[in-house]
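Make one complex out of these two single chains by using the hints.
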Amino acid sequence: MSVSSTLPDLRESYPPHAPHAVPEQKTSLLGLVPGILLLFVVGFAGKFVEHAINTYTKAHHITFPNIEYVLWAIVFGIVIANTIGLPKLFRPGVATYEFWLKAGIILLGARFLLGDILKLGGISLALVAIAFALSLAFMTWLGRALDLGPKLTTLLAVGSSVCGVSAIIATQGAIEADEQDTSTAIAAILALGAISLFAFPAIGHALHMSDHAYGIWAGLAVDNTAEATAAGALYSDAAGKFAVLAKTCRNALIGFVVLGYAIAWARKGLASAANEAQLKNKAAFLWNKFPKFVLGFVLISLLATLGTLDPKLYPHLASLAPLGFTKPQLLALGNLSRWAFLLTFAGVGLRTNLRDLFKQGARPFLVGALGEVAIAAITLALVLGADRLYHL
Amino acid sequence: MPQKRSILSLDTWAVVLSLGLALLVRFGVLKSVTW
Chain F
242 MSVSSTLPDL
252 RESYPPHAPH
262 AVPEQKTSLL
272 GLVPGILLLF
282 VVGFAGKFVE
292 HAINTYTKAH
302 HITFPNIEYV
312 LWAIVFGIVI
322 ANTIGLPKLF
332 RPGVATYEFW
342 LKAGIILLGA
352 RFLLGDILKL
362 GGISLALVAI
372 AFALSLAFMT
382 WLGRALDLGP
392 KLTTLLAVGS
402 SVCGVSAIIA
412 TQGAIEADEQ
422 DTSTAIAAIL
432 ALGAISLFAF
442 PAIGHALHMS
452 DHAYGIWAGL
462 AVDNTAEATA
472 AGALYSDAAG
482 KFAVLAKTCR
492 NALIGFVVLG
502 YAIAWARKGL
512 ASAANEAQLK
522 NKAAFLWNKF
532 PKFVLGFVLI
542 SLLATLGTLD
552 PKLYPHLASL
562 APLGFTKPQL
572 LALGNLSRWA
582 FLLTFAGVGL
592 RTNLRDLFKQ
602 GARPFLVGAL
612 GEVAIAAITL
622 ALVLGADRLY
632 HL
Chain R
228 MPQKRSILSL
238 DTWAVVLSLG
248 LALLVRFGVL
258 KSVTW
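Residue numbers (the working numbering), protein chains in the order written: chain F, 242 to 633; chain R, 228 to 262.
Chain R extracted, bound-state conformation (with noise of 0.2 Å):
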């Protein structure tokens, strides 16, 4: 059967999810992050 496809591709979601973790960094919600 056919699917819905998503309006965003897997390319845009990840610029989205990234820009949303940049900015969260930005301003300081996320201040620190050890590897």
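Looking at chain F on its own, in the form it has when it is part of the complex (with noise of 0.2 Å):
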């Protein structure tokens, strides 16, 4: 029996967006203009709302725990896209959510100076070698357990394991997985990334957990980046900080991972004419799917690095200091960043569709399901080990 034989593509009504990814039909820039003005609103509404909450509270000497925008601004796009719906019109504007989240990362390189992401960076991409190896293995073994075909197994695997949507995506060409397998294995982390949302939050605070603990896990567990942003960012304002930090690590891998299994399925003699031609220039294909917008992140970074320099300290590179940004410059790129990442979040609620949760067959959800479990069991081990020898 196909498990996904009534599955609706996504793509058609939510396309993924991802690096390459090409939309269905073409956009003029005006055509833009609606569906950005809604994201605006709809991040605006959430960001009013939890001022006027604590306003309020505050006046009338109320406690009530603050609820940050990104809840109400994720909240008020679940509702309009799953009652009113979200007219064509307004569509190609809201995709570019995408874009605004991969400019916000880049903006958010002004809050990080070059030696922190050196040090959170090369423990997260250990915790993410740890951690990916675990789950690609569980997710392997769960796939064949429940019967789900090679291909869908590899992209639920990668999806869970890497970072969601695009790494879907990349690893689609790579291992030539059809369509049907490919819409499967989105709508699932799709979903799972919905509901992490709200499950992540809470189990950090259950469990108490620092910001830069719970924002290391929020990067290394949940699977989209967008999702893993506002896991991040529903938490506090810094736990997404190292939220973003660590999901940048995760999707500097795609190349590595992408590379892996073509070669893999090279060797098996699975692979097209077309596919083993790329294969033949190493770097090339590397840097196809390597994420831009991490070299432009780890860019802001250097230069806001430069700018806090002292030159008594570092004499040797007192002649770059000027090249370097000044404290209000830093602060003003550290709002744009938040500006980019309101439009992002509105997106995420805006993109949510809960009646294609459940429409993609129950056995891809419950491999996504149980991996994504595993996952956040395994990293959230690594990370709480790691907190005790390093002090996140």
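No wet-lab data here; the hints were simulated from the structure.
The beta-carbon is built from N, C-alpha and C at its ideal position, and this holds for glycine as well.
With the Cβ distance kept under 8 Å, some of the chain R side facing chain F (calculated, not the full set):
(1) S236
(2) A241
(3) V242
(4) S245
(5) L248
(6) A249
(7) R253
(8) V260
If you only want the chain F side, here are some residues facing chain R, beta carbon under 10 Å, derived:
(9) T337
(10) E339
(11) F340
(12) W341
(13) A344
(14) I347
(15) F534
(16) G537
(17) I541
(18) L544
(19) L564
(20) G565
(21) P569
(22) Q570
Laid out in structure tokens, this is it:
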């Protein structure tokens, strides 16, 4: 029995907007305006409600937990998308939320010193490598146990252990998976991402995790970059920052994982001539798959670090210090990053279609869900262990 | 109908926009951004 015979192709209404994904229809820049305005209105409504509640509770001396604008923006988006629906006019602009996410991540580099990136990024990379090996083995075993087929299992494993939809799209080309398997894997990962938005902060608070440890856990365990950023920001602003850093480390690995799969598929004699030709130049293959926004993030962080250098401590770098940003400039860049994320979080809500969460067939969802729980548990144990050792 | 692909990927456009904004901030065109 095909478990996904009734599956709609979600990419028609919810294009994954992964790197290299091409929208179904060409849209002019003007056609993007209504959707971008809607992202802004929904995001700003979230910010307004957070501010209004805080002002009211303070004025009336009411003790009430601060609910971040992130949650309001996502909830407003979900309500709009699942009640009145998203009219066609707004869809192209709403689809730009991935673009704002990447711009937000690059600008967030202004809030990191390069030393922090090297330290936390190094720890994150080591944790990613361990979690990836464990989760890939677990997902592959689970997919086989539930008889899912090697390509769908691979897509689910990569999606849940590396980085969500972008990794699925990149791996689809390498292993030549069919459209149905790809749609199923994307639907499962998107559904689970939506659930993790609410589950992760609850678990983090229950375990009284620090902002650093929680942020790194969310970045390592939540699949899609948008959801990982939101899950971090739902906990606190600082946790959101560290979630992005850990997630960026995972994103940087996409190229290596896809290359590994492409080589494995070619060795089995399953690769097409076109894919085999691509594999001849492995450096070009890696560069094509490498997420370029990671380089932008590191560059902005480098300029932020140069501006804070004390010439007495680093006399040989003193001539470079004027290239860096001043403190007010870093504040401005950090706030620009927050505005970009505001549009992203509104898009996360507007893209979530609750009906489609359950349309994809039970088995892929079950494999994805069990895998997610296992990965969340593995990464939680790793982060708590690293927190003890390195005081994250 | 197949459409013409953009020369730059979404990622690269995001880098271009962000670096453009960073330059505006660096050279004082964009003096402050409130949140």
